[in-house]
Amino acid sequence: VQTEQPDDTLMRRFREGDAPAFEVLLKRHQRAVFSFIVRMVGDRTRAEDLLQETFLRVIRGAAEWEQKAKFTTWLYTIARNICVDAMRRESFRKADSLDRVAPSDGDPDGAPVGDAMAGAAVGADRAAYNARVRPALEQALQRLPAEQREVFVLREYSGAPFKEIAEMTGVPENTVKSRMRYALEGLRKALEAMGITGDMADDDEVAAAAVRTVGG
Amino acid sequence: MSAQTHIVSEERLLDFLYGELPATAAAEISEHVKTCPQCTATLEGYRSTRRVMRQLPPEVDAPPARVTDALLAEARKAAAARAQPGLLDRVYEWLRGGPARFLLTPTFAVAGALALVVGGSYLVLSYAPRGELTRPAATPAPEAAPAFAPAPVALAPAPAGAPVTAVPMPALGSPPETGTYKPGAGFAAEPAMPAAEERERFAVLNKRMKAAVREEPATLDEAKESAARARSELEGKRKAAEMRRLAGGGGDMAASTGLDSSAGVGVGGAVGRDIGGSGSLGVASSASRGSGPASPSAPSGAISLHAFAEQPKPAAEGLESSKLNVDLREKDAEKSVDVVLAAPPRPAPAAAAPPPVPTEVASEEKKPGFFDSFGALFRSPERQSGGQVARGDRPAESPSASPAPPPPPPAAPADASESTSYAAAKQAPSAKNEAASTRAQAEQKQAPAFEPLYARAEAARRAGRLEEAARLYREAYVAAPDHARAPWALAGEIECLAALGRLADADESNAVLNARYPKAAESIGAADRALRMNRAKARVMPDAAQPAAPASIEEQSH
Chain A
1 VQTEQPDDTL
11 MRRFREGDAP
21 AFEVLLKRHQ
31 RAVFSFIVRM
41 VGDRTRAEDL
51 LQETFLRVIR
61 GAAEWEQKAK
71 FTTWLYTIAR
81 NICVDAMRRE
91 SFRKADSLDR
101 VAPSDGDPDG
111 APVGDAMAGA
121 AVGADRAAYN
131 ARVRPALEQA
141 LQRLPAEQRE
151 VFVLREYSGA
161 PFKEIAEMTG
171 VPENTVKSRM
181 RYALEGLRKA
191 LEAMGITGDM
201 ADDDEVAAAA
211 VRTVGG
Chain B
217 MSAQTHIVSE
227 ERLLDFLYGE
237 LPATAAAEIS
247 EHVKTCPQCT
257 ATLEGYRSTR
267 RVMRQLPPEV
277 DAPPARVTDA
287 LLAEARKAAA
297 ARAQPGLLDR
307 VYEWLRGGPA
317 RFLLTPTFAV
327 AGALALVVGG
337 SYLVLSYAPR
347 GELTRPAATP
357 APEAAPAFAP
367 APVALAPAPA
377 GAPVTAVPMP
387 ALGSPPETGT
397 YKPGAGFAAE
407 PAMPAAEERE
417 RFAVLNKRMK
427 AAVREEPATL
437 DEAKESAARA
447 RSELEGKRKA
457 AEMRRLAGGG
467 GDMAASTGLD
477 SSAGVGVGGA
487 VGRDIGGSGS
497 LGVASSASRG
507 SGPASPSAPS
517 GAISLHAFAE
527 QPKPAAEGLE
537 SSKLNVDLRE
547 KDAEKSVDVV
557 LAAPPRPAPA
567 AAAPPPVPTE
577 VASEEKKPGF
587 FDSFGALFRS
597 PERQSGGQVA
607 RGDRPAESPS
617 ASPAPPPPPP
627 AAPADASEST
637 SYAAAKQAPS
647 AKNEAASTRA
657 QAEQKQAPAF
667 EPLYARAEAA
677 RRAGRLEEAA
687 RLYREAYVAA
697 PDHARAPWAL
707 AGEIECLAAL
717 GRLADADESN
727 AVLNARYPKA
737 AESIGAADRA
747 LRMNRAKARV
757 MPDAAQPAAP
767 ASIEEQSH
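The listed protein sequences correspond, in order, to chains A and B. Each residue of the first sequence is one higher than the last, beginning at 1 in the working numbering. Each residue of the second sequence is one higher than the last, beginning at 217 in the working numbering.
So that you can see chain A by itself, here it is in the shape it has in the complex (with noise of 0.2 Å):
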């Protein structure tokens, strides 16, 4: 039961002296937010403990918040807080060029991920596909400037709408969307240097280059 209550009456009753909401709460929304911070830092290990701040924050200011916004957009502005502070903080350490990932994924040849991909041998399943792009698509976001960074992930991956984000970041409704569309152009420049396009990004489109390729 409680775990179909709205987050708003969960944090109240947590407020209110409720542990158990609060538990609910973190199981509802840790993963989605460690999610973003591990975007957002690109560092697991780093993530954890940012995760653990940003709730710990959330434990603390219980008492001061007030449902005036949803509970997420609440929660996402502390993590997005958060992490902008460690980055300021802390460099962070920068991804290698793609050149690299791929021998560090048992690639000796060192072939960019495009070429591996498109010589992917006939063989290659989905998690073999998956195993060579996503360090690829995680190294291409982590590219991207913070501000355009952060709107991406929030808006592609957290599914938060861009007013919402507009009301975490702190900026305009427009700039996020500016922001948003210098992340989407960036990532394509990115993906499309490491040969990676969305034709083949397509489950379809590479099950096609894997026929094509075993019929070539």
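If you are wondering where the hints come from, they were derived from the structure by calculation, not from laboratory data. If you're wondering where the values come from, they're calculated on a predicted model, not measured in any experiment. Just to be clear, a hint being listed does not mean it is correct.
[What the hints assert, rightly or not] Reference listing, derived: stretches of chain A covered by chain B, where coverage requires no fewer than 3 residues with Cβ under 8 Å from a Cβ of chain B: (1) 7-16; (2) 24-33; (3) 150-158; (4) 173-181; (5) 184-195.
[As the list claims (entries may be wrong)] Residues of chain B placed beyond 12 Å of chain A at every Cβ, according to the derived structure: (6) E290; (7) G328; (8) S337; (9) V420; (10) A731.
Built from N, CA and C at the ideal position, the CB exists for glycine as well.
Using the hints, position chain B against chain A.
Then chain B, alone, in the frame of chain A:
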């Protein structure tokens, strides 16, 4: 589509791409995109990128359980704390969410702050003792000014050579030293004389007093000169004492300080006033009075504790301990204020003086302060046991140890507010000290008439015989209106009358006090406090203003 007709911005295309447009707007964009190669290319580019990036899962693997566990533990702690919020939390919550939410707006915050300032100023101005705000509290000269010529009234003359006693006086407005004070029932007073007789005697005394008051001071210049002399005298003593204290002899001073600074009075509630702040003045006043004529060589000059922040507390050689311990009950101080005042060990000055009542405060006699301990490190044994009275050097003054009164002072009469710790300063010859000596000798002439009466009044008061105490205070005043503590005698009378509920009589005496000693700020303030408190008591509990029968008092005290 030409540039002129291209009306769809890229931001709008994003809205369309992410499905954030209403259906009609989305349909319009969709139609437009079909005919606009530029928008089509742009939109296709976005879609292509999204297709690729969607290969990343929306969520990564869950964080480790230790993170979750730690957060849950923290949440449980916070929830447990919130489940039992403190009073402040509850008030805050109420202000935040309740009907008074508007109080937290900046406008009301500013208005509230202004109201506090104005209200606070009003309270300070209305409750501060008269003269307190206009003259320094450390200027006791007016009380010592012998510029007035009172009518020669001699009531109950004291025996020659009567011992000068240290007579601590409880705080004005405070009940007798022992027993429980029930605001609703008045003090546990057992009038020594019938009320009618007392009133008659008061009437006579009032007439004499008024006659004395009508004889105004001789000249203004004389009064000013006297005040200046006393002021300079006091300043010299204060500086000398301060120097001694800083030089390591502070222990003497602290030891001779008659009042434990922990004494405090808190009377609020129905009285509508917390004496804790300005109320410390009341305690100070009582301490000053209670310090008694300690030093045999002390000159006159009513050194007041009123400004104990500025000057060392007057010594109380005779005052071994004095503490007013007020237990302020919850919500309403008027309902139950337990007062225990330790009667200081002192020589019995007169037959009427009851033996001191041991109380819990006795064990707190002159707790060593910082300067006591510090100074003791540097004091030689000779100095510690020398001419100055150190703590514990006065067993003879204890009634139990030496019931007989000590011999009268050889040189000068003691003054209530003079500290023995000043003696060292006085030993150094100076013009100021000589002047003080002269004044003290002059006052000595009135002391034999004043001191015994005053001591008896104090004793009667401690014994709860407020009627008798009031009469004796009056007689002491009339016998020696120039005495330094004559204003205090009047104030004591006012306090007793007020405590008895005889507010009209108290007002009358208060008028005399104000007219006769307009600059006796401490005395006037103390009397005012007593009157205010008892008036408030009378307002809240009309019965409380009347003296209760002893039997009922006894019942209530139990």
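Results of checking the hints against the structure:
1. 7-16: holds (count 3)
2. 24-33: holds (count 5)
3. 150-158: holds (count 5)
4. 173-181: Holds, because 5 residues of the stretch 173-181 of chain A bring their Cβ atoms closer than 8 Å to Cβ atoms of chain B.
5. 184-195: holds (count 5)
6. E290: Given a closest Cβ separation of 6 Å, the condition is violated.
7. G328: holds, 21 Å
8. S337: holds, 34 Å
9. V420: Consistent with the label, V420/B stays out of reach of chain A, its closest Cβ about 70 Å off (over 12 Å).
10. A731: A731/B is indeed farther than 12 Å from all Cβ atoms of chain A, at 60 Å.
The structure fails to meet hint 6 from the earlier list, while all remaining hints are met.
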